[in-house]
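Next come the chains, spelled out residue by residue.
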Amino acid sequence: MNKEQQETQAYFIPDTIQLTSFTTREFESKQGKLILKSPTLSGKDIQFITDTIKANQKNYLDRLQTTEVIDIVDAAVQKWLDPDYHLRKFAEKWLPVITGYDAEMIRLELKRFLRTFRKQELLRFLVEEFDDPAVLDDFRPRKKGGLSKAYGPNLILHFFSGNVPGLPVWNLVMGLLIKSGQLGKTSSSEPLMPVLFAKSLEEVNPELAKTLAVLPWKGGEEQLEQPAIKAAEAVVAYGSSDSVENIRKRVPAHKRFLSYGHKISFAMVGQEALTVDRYRASIHRVAEDVSVYDQQGCVSPQIIYVEQGGSVSPREFAQLLAKEMDHYNHKKPRGPLLENEALAIQSFRSQYEFQMESSVYGHPADTSWTVVYHSEPGFEPSPLNRAVHVFSCTHLEQVYPKLTAFCQYLQTVGVAVRPNRLFKLSEDLGKAGVSRVCSVGKMAQAPAGWHHDGEFNLLNLIRWTDIETSAERHAEHYDEDSE
Amino acid sequence: MRQQTKQMIEQLISFIIYRRSTDKDFQDLALSLFSYQFEYNLPYKKYCQKRRKTPLTVQHWQEIPALPIQAFKELPLTCESTTEPESVFLTSGTTNVEKRGQNIHPTLAVWDVSMMTAFKQFVLPDQQTATIYVLSPAEDLNQQSSLSRYLTNAVKHFGTEDSRFFFKEEGLEMAALTAALKEKESKREPVLLMGASSAYVHFIDYCMERDLTFHLPEGSRIFDTGGFKGQSRELTREEMYESFARVFDVDPNNFINMYGMTELSSQIYEVTAQSPRFEKVNPDWVKTLVLDPDTLRPVKAGEIGVLAHYDLANWNSCMAVLTEDIGYETENGFVLLGRVEGSEARGCSIAVDELMKANGK
Numbered sequence: 001m002n003k004e005q006q007e008t009q010a011y012f013i014p015d016t017i018q019l020t021s022f023t024t025r026e027f028e029s030k031q032g033k034l035i036l037k038s039p040t041l042s043g044k045d046i047q048f049i050t051d052t053i054k055a056n057q058k059n060y061l062d063r064l065q066t067t068e069v070i071d072i073v074d075a076a077v078q079k080w081l082d083p084d085y086h087l088r089k090f091a092e093k094w095l096p097v098i099t100g101y102d103a104e105m106i107r108l109e110l111k112r113f114l115r116t117f118r119k120q121e122l123l124r125f126l127v128e129e130f131d132d133p134a135v136l137d138d139f140r141p142r143k144k145g146g147l148s149k150a151y152g153p154n155l156i157l158h159f160f161s162g163n164v165p166g167l168p169v170w171n172l173v174m175g176l177l178i179k180s181g182q183l184g185k186t187s188s189s190e191p192l193m194p195v196l197f198a199k200s201l202e203e204v205n206p207e208l209a210k211t212l213a214v215l216p217w218k219g220g221e222e223q224l225e226q227p228a229i230k231a232a233e234a235v236v237a238y239g240s241s242d243s244v245e246n247i248r249k250r251v252p253a254h255k256r257f258l259s260y261g262h263k264i265s266f267a268m269v270g271q272e273a274l275t276v277d278r279y280r281a282s283i284h285r286v287a288e289d290v291s292v293y294d295q296q297g298c299v300s301p302q303i304i305y306v307e308q309g310g311s312v313s314p315r316e317f318a319q320l321l322a323k324e325m326d327h328y329n330h331k332k333p334r335g336p337l338l339e340n341e342a343l344a345i346q347s348f349r350s351q352y353e354f355q356m357e358s359s360v361y362g363h364p365a366d367t368s369w370t371v372v373y374h375s376e377p378g379f380e381p382s383p384l385n386r387a388v389h390v391f392s393c394t395h396l397e398q399v400y401p402k403l404t405a406f407c408q409y410l411q412t413v414g415v416a417v418r419p420n421r422l423f424k425l426s427e428d429l430g431k432a433g434v435s436r437v438c439s440v441g442k443m444a445q446a447p448a449g450w451h452h453d454g455e456f457n458l459l460n461l462i463r464w465t466d467i468e469t470s471a472e473r474h475a476e477h478y479d480e481d482s483e
Numbered sequence: 001m002r003q004q005t006k007q008m009i010e011q012l013i014s015f016i017i018y019r020r021s022t023d024k025d026f027q028d029l030a031l032s033l034f035s036y037q038f039e040y041n042l043p044y045k046k047y048c049q050k051r052r053k054t055p056l057t058v059q060h061w062q063e064i065p066a067l068p069i070q071a072f073k074e075l076p077l078t079c080e081s082t083t084e085p086e087s088v089f090l091t092s093g094t095t096n097v098e099k100r101g102q103n104i105h106p107t108l109a110v111w112d113v114s115m116m117t118a119f120k121q122f123v124l125p126d127q128q129t130a131t132i133y134v135l136s137p138a139e140d141l142n143q144q145s146s147l148s149r150y151l152t153n154a155v156k157h158f159g160t161e162d163s164r165f166f167f168k169e170e171g172l173e174m175a176a177l178t179a180a181l182k183e184k185e186s187k188r189e190p191v192l193l194m195g196a197s198s199a200y201v202h203f204i205d206y207c208m209e210r211d212l213t214f215h216l217p218e219g220s221r222i223f224d225t226g227g228f229k230g231q232s233r234e235l236t237r238e239e240m241y242e243s244f245a246r247v248f249d250v251d252p253n254n255f256i257n258m259y260g261m262t263e264l265s266s267q268i269y270e271v272t273a274q275s276p277r278f279e280k281v282n283p284d285w286v287k288t289l290v291l292d293p294d295t296l297r298p299v300k301a302g303e304i305g306v307l308a309h310y311d312l313a314n315w316n317s318c319m320a321v322l323t324e325d326i327g328y329e330t331e332n333g334f335v336l337l338g339r340v341e342g343s344e345a346r347g348c349s350i351a352v353d354e355l356m357k358a359n360g361k
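Heads up: the protein sequence lines correspond to chains A and B, in order. Under the numbering used here, the first sequence has 268 at position 268, and the numbering climbs by one with no breaks. Under the numbering used here, the second sequence has 72 at position 72, and the numbering climbs by one with no breaks.
These are computed hints drawn from the structure, not numbers from a lab. Glycine residues also receive a C-beta, built at the ideal position from the N, C-alpha and C atoms. Mixed in with the good hints there might be a few duds.
What the hints assert, rightly or not - The calculated lysine-lysine pairs, modelled on BS3-like cross-linking and capped at a C-alpha distance of 27 Å, are: (1) A:K149 with A:K255; (2) B:K156 with B:K168; (3) B:K50 with A:K323; (4) A:K402 with B:K99; (5) A:K33 with B:K300; (6) A:K149 with A:K44; (7) A:K323 with B:K168; (8) A:K331 with A:K30; (9) A:K30 with B:K300; (10) A:K218 with A:K255; (11) B:K46 with A:K323.
Said to hold, decoys possible - Reference listing, derived: stretches of chain B covered by chain A, where coverage requires no fewer than 3 residues with Cβ under 8 Å from a Cβ of chain A: (12) 53-65; (13) 135-144; (14) 293-301; (15) 304-312.
Let the sequences and hints guide you as you build the complete structure.
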């Protein structure tokens with residue numbers, strides 16, 4: 001068979017800039033070879049690129065109306081919703097090779113994800129955070145008098161995450177909505193998708209694309225990060241507590257700094273979701289949550305609390321979940337693991353196999369899925385890559401005391417409970433530190449306007465200018481035409 | 001002790017002592033030991049049955065399921081139920097002090113024979129005795145440590161009368177060790193230094209602070225073992241060897257590294273004079289498999305994987321032990337790449353270590 005070889009840029013810069021020195025990274029698969037070309041950067045390059053972006057932001061992006069920006073983003077997203085769009089086909093072909101995720105899973109999830117950036121979702125996203133989104137374009141009157149306008153940073157520096165393909169698109173769109181120039185540093189585990197999305201924006205509107213740069217470099221490279229941080233008005237960082245802290249240290253206190261550290265999510269299945277007619281669907285949803293993107297997202301559950309009293313017991317739930325994860329694995333196999341990742345799962349299994357209170361259900365031949373059942377509730381992380389705890393509990397409420405030590409890390413909770421329990425449960429989970437309660441089966445699909453890690457997204461990047469009533473009134477004095 | 005156990009022990013001892021080791025001999029004895037352990041070690045039997053491995057289905061020693069070291073932490077693994085075992089060795093409990101692995105030895109007869117036979121082969125192939133200076137605790141100070149038993153045995157069976165332990169209840173007596181080494185240096189008498197790697201690091205630091213170096217007489221040897229386990233600063237093997245050469249002025253051909261585990265009853269050696277550097281060599285009654293971490297099946301020769309040791313001397317707990325060490329097979333043995341560190345999660349999901357810190361574990 002004739003193997004195909006494709007070369008593509010693993011970076012995106014305003015097209016007026018020429019870079020001269022490059023390195024390549026190769027990925028091989030059955031379908032051929034992909035060569036990713038990356039620039040060898042210097043501090044001077046970063047300075048020049050950020051200066052250019054800032055100039056373009058000032059001269060072009062800043063002068064657009066927010067609705068115009070939304071139309072541009074929507075047009076780019078519409079391209080991605082066409083299965084024959086050349087960049088989508090490219091992404092669907094090569095992202096599985098780069099990330100190791102199953103191709104079908106990427107195809108499905110990418111489509112789902114991009115749909116959350118269509119015009120109506122973007123408008124909703126804006127209204128979510130601004131009562132009057134026009135404050136991004138003009139001074140707008142305030143209810144108690146005076147006027148206010150919101151300004152986005154002239155340049156946002158992103159440290160993108162690399163775990164879930166496409167996630168950086170969310171960051172780029174967020175930056176565009178507040179009309180910021182943007183420089184994104186990609187992760188080596190997923191360097192492609194933000195570049196492709198920038199290219200689509202360029203196809204729709206070349207001028208707007210000149211306010212974007214997406215570059216790969218090794219995290220911590222001081223000679224590149226120092227000028228990048230200096231140039232930026234705001235810094236947004238993803239990563240472990242250590243790597244986020246490492247960036248935070250270098251960002252001067254007067255600059256905006258947003259960070260999204262590592263989190264842990266779990267699911268709670270009430271007995272009402274385990275009746276004879278419902279338990280299958282519940283297990284199916286949970287298996288989906290655990291398996292999608294091989295549990296690499298912080299929204300993926302590592303723990304399932306299962307309430308006793310349903311038509312299947314928590315132990316049976318664990319066994320059936322294992323079976324369901326096996327089905328999922330047949331359809332969408334888990335990606336290949338590094339040695340230490342596989343060993344972490346082996347070690348996870350061995351740790352519980354010999355304890356009386358727990359049982360291990362795992363794929364007999366390899367580590368592709370693992371469910372560990374515990375007869376008493378607890379709170380233990382999993383080694384990920386489709387390995388999950390099932391804790392039996394007499395009541396879901398039994399779980400709260402187990403959460404106290406982990407307040408700062410808690411994020412999404414997928415629930416399957418009846419309406420009159422939902423509010424009380426959410427109230428208690430909120431107190432415990434949880435920032436998102438959603439249905440089981442939907443844990444991986446956070447809507448575009450969510451309070452990411454419990455915070456505002458756009459508002460945290462914005463600065464405001466107020467015109468107070470006194471200035472308005474005082475200005476009247478100088479109006480010669482006034483009577 | 002049941003008759004069958006006594007026979008098993010006799011067989012093992014003669015296998016070790018006579019070192020008549022064709023692959024077939026190993027195979028036969030391994031399979032019969034597997035049958036024995038399958039019959040009398042119930043948790044292990046359950047473990048094997050779950051994997052559909054029984055003495056009827058296992059045709060080759062490589063198919064014998066290797067028991068993960070975690071099992072030694074969770075369960076008493078023993079074929080011969082005895083209320084008064086001669087020794088119970090405990091792991092250091094580096095990761096979790098509450099849960100230490102244990103290896104129960106109803107008798108140390110096989111353990112001792114294994115230790116001494118291999119010690120002779122790898123550490124003192126060319127002489128009967130040596131002056132041994134020991135930097136780590138002897139058995140009387142630490143009854144639960146297999147290393148202490150090992151060191152005490154070495155001195156008892158291979159040490160000359162002037163052999164000494166320099167680790168006392170208060171710790172390592174650096175000044176006394178210095179004086180003793182200086183004396184050997186001036187008398188031009190070789191010495192065999194033995195101890196845990198971390199003990200050497202403390203002594204090396206002590207010497208460097210004082211600008212102290214030795215020129216140990218020709219024929220001197222340096223034996224170290226084990227990792228650092230957070231007990232001292234950590235050195236790579238290269239740095240360790242470089243420090244040995246600098247502080248003791250001993251030729252690298254006289255460095256010996258021993259790889260041992262509480263969960264086993266034999267030791268594995270790295271002897272620079274006998275095989276390429278960093279290559280670990282098994283005695284005849286121990287075989288090591290390199291397994292694919294994902295499937296736990298043997299990898300292709302030379303590929304990296306997780307190590308499983310098949311130690312015939314480990315007759316009472318379990319002959320086949322699955323470690324958390326990674327390495328690769330070489331011509332005469334294997335190269336150890338170290339214990340697998342918890343990996344930084346690729347994603348935004350929190351890594352286990354980070355969460356454990358939050359929980360104060």
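Hint by hint, here is what the structure shows:
1. With a C-alpha separation of about 19 Å, the suggested pair A:K149 and A:K255 falls inside the 27 Å cut-off, and the hint holds.
2. Distance check on the hinted pair: B:K156 and B:K168 sit about 17 Å apart at the alpha-carbon level, within 27 Å; holds.
3. Between the alpha carbons of B:K50 and A:K323 the distance comes to roughly 17 Å, so the proposed pair stays at or under 27 Å and holds.
4. Restraint check: the Cα-Cα separation between A:K402 and B:K99 comes to about 21 Å, which is no more than 27 Å; the hinted pair holds.
5. Restraint check for A:K33 and B:K300: the C-alpha separation of about 25 Å stays at or below 27 Å, so the hint holds.
6. Distance restraint check for A:K149 and A:K44: the Cα-Cα separation of roughly 34 Å exceeds the 27 Å cut-off, and the hinted pair is therefore not satisfied.
7. Distance hint between A:K323 and B:K168 is unfulfilled; the C-alpha atoms sit about 57 Å from each other, more than 27 Å.
8. The hinted pair formed by A:K331 and A:K30 meets the criterion: a straight-line CA distance of about 19 Å does not exceed 27 Å.
9. For a cut-off of 27 Å, the pair hint linking A:K30 to B:K300 stands: about 22 Å separates their Cα positions.
10. For a cut-off of 27 Å, the pair hint linking A:K218 to A:K255 stands: about 23 Å separates their Cα positions.
11. Proposed proximity of B:K46 and A:K323 is supported: the alpha carbons are some 22 Å apart, at most 27 Å.
12. Counting residues of the segment 53-65 of chain B whose beta carbon lies closer than 8 Å to any beta carbon of chain A gives 0, which falls below the threshold of three, so the coverage claim is violated.
13. Closer than 8 Å: that is the beta-carbon criterion, and the segment 135-144 of chain B has 0 residues meeting it against chain A, so the requirement of 3 is violated.
14. Closer than 8 Å: that is the beta-carbon criterion, and the segment 293-301 of chain B has 4 residues meeting it against chain A, so the requirement of 3 holds.
15. With 3 residues bearing a CB less than 8 Å from a CB of chain A, the segment 304-312 of chain B meets the requirement of three and the coverage assertion stands.
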